[in-house]
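Novice: Build the full structure now, drawing on both the sequences and the hints.
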Amino acid sequence: MRGSAPTSRVLDIVELLARAGAEPLRFSDVVRTLELTQATAHAILTTLCERGWAVRDPRDKTYVPGPALTALAAGVQASRPLAAAARAAAAELVAELGYAASVVERVGDHLVITAFLAGDDDQRPARPGERIPYAPPFGAAFAAWAPAAQKREWIGRAGGDGTVTARLEQVLARTRDRGFDVDWTTPALMQAAQLVERLDEEGLPPHVRRIMDTLVAEFTSIGYLSDDDPGRESRPVFSITAPVLDERGNVAMILGAHPMRVLDAARIAEVGQHVMRGADI
Numbered sequence: 001m002r003g004s005a006p007t008s009r010v011l012d013i014v015e016l017l018a019r020a021g022a023e024p025l026r027f028s029d030v031v032r033t034l035e036l037t038q039a040t041a042h043a044i045l046t047t048l049c050e051r052g053w054a055v056r057d058p059r060d061k062t063y064v065p066g067p068a069l070t071a072l073a074a075g076v077q078a079s080r081p082l083a084a085a086a087r088a089a090a091a092e093l094v095a096e097l098g099y100a101a102s103v104v105e106r107v108g109d110h111l112v113i114t115a116f117l118a119g120d121d122d123q124r125p126a127r128p129g130e131r132i133p134y135a136p137p138f139g140a141a142f143a144a145w146a147p148a149a150q151k152r153e154w155i156g157r158a159g160g161d162g163t164v165t166a167r168l169e170q171v172l173a174r175t176r177d178r179g180f181d182v183d184w185t186t187p188a189l190m191q192a193a194q195l196v197e198r199l200d201e202e203g204l205p206p207h208v209r210r211i212m213d214t215l216v217a218e219f220t221s222i223g224y225l226s227d228d229d230p231g232r233e234s235r236p237v238f239s240i241t242a243p244v245l246d247e248r249g250n251v252a253m254i255l256g257a258h259p260m261r262v263l264d265a266a267r268i269a270e271v272g273q274h275v276m277r278g279a280d281i
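Position one of the sequence shown corresponds to residue 1 (UniProt numbering), numbered consecutively onward.
If you're looking for bench data, these hints aren't it; they were derived computationally from the structure.
Backbone N, C-alpha and C define an ideal beta-carbon position, used for all residues, glycine too.
Just so you know, not all the hints are guaranteed correct.
Label-pair ranges, simulated between beta-carbon atoms [what the hints assert, rightly or not]:
hint : residue 1 : residue 2 : range
1    : R51       : A95       : 24 to 32 Å
2    : L82       : R152      : 25 to 33 Å
3    : D177      : E153      : 17 to 25 Å
4    : A95       : R127      : 15 to 23 Å
5    : P67       : E92       : 45 to 53 Å
6    : A85       : R174      : 25 to 33 Å
Specialist: Structure follows, in structure tokens:
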């Protein structure tokens, strides 16, 4: 079932303001980024400012989140203690390891970065509010603890043949066995996956769809390296993630560290243990 298009446009602007944070957005930024008409963007921004969800600087005519939106965020955080605890655990990972850390939650067919804290090198390969397709190679720490039918659904989103399926089944089994996931996907490949998903939503000719399916399968092979793959010795590790379980034992979110550098097997295991301890909230 499709949602309301007008409501989606309002939420798109709110999410864009939230992602920008302290960086003011120009009117043209909103129009260009969200591909809105000027009339639609102006009407929504005017209403948001009237309700205190956005503030417009009269000097440079830029927009930032307003006090009403800030108050809403504070209220939501107070009502979600597990998410607050996960964010605190991410901060502890940064202090312990020096790497960037994140909290990711699942919303339908997407993974949403709900917290991202820069590490000692101040690299920011992702930002809060970014959405990533819940499909291989993203979200193994969710899928590994999911019921069998949901595991098959996640694996099926990779496309590919039986070889890809068998490989992903091994990835999930290995992730569940050791308690954390290791992903070598680069930020650039993450952005490429987001682009492929947007293209798919817009509709593609069959021959182009086949090319896209092949590309998605390649993402999977790049994101996961076997224990004996020589590529492990030269490829930077993008993320090491572990599940945060709720009181019923379901994966509520995943906590991750982002080394963004080459790590040997011993260091990967060490970081994985840190992340697992942090996720045990």
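Novice: Indicate, hint by hint, whether the structure satisfies it.
Specialist: Checked hints:
1. Taken as a hint, the range 24 to 32 Å is violated for the pair R51 and A95, whose Cβ atoms sit roughly 38 Å apart.
2. Remark: the range hint 25 to 33 Å for L82 to R152 is upheld by a beta-carbon distance near 27 Å.
3. Here the CB-CB span from D177 to E153 is close to 21 Å, well matched to the stated 17 to 25 Å.
4. The hint said 15 to 23 Å for the Cβ distance between A95 and R127, and at roughly 21 Å that hint holds.
5. In this structure the hint that P67 and E92 lie 45 to 53 Å apart at CB is violated, the actual value being about 30 Å.
6. For A85 and R174, the hinted distance range of 25 to 33 Å is satisfied, since their beta carbons lie about 27 Å from each other.
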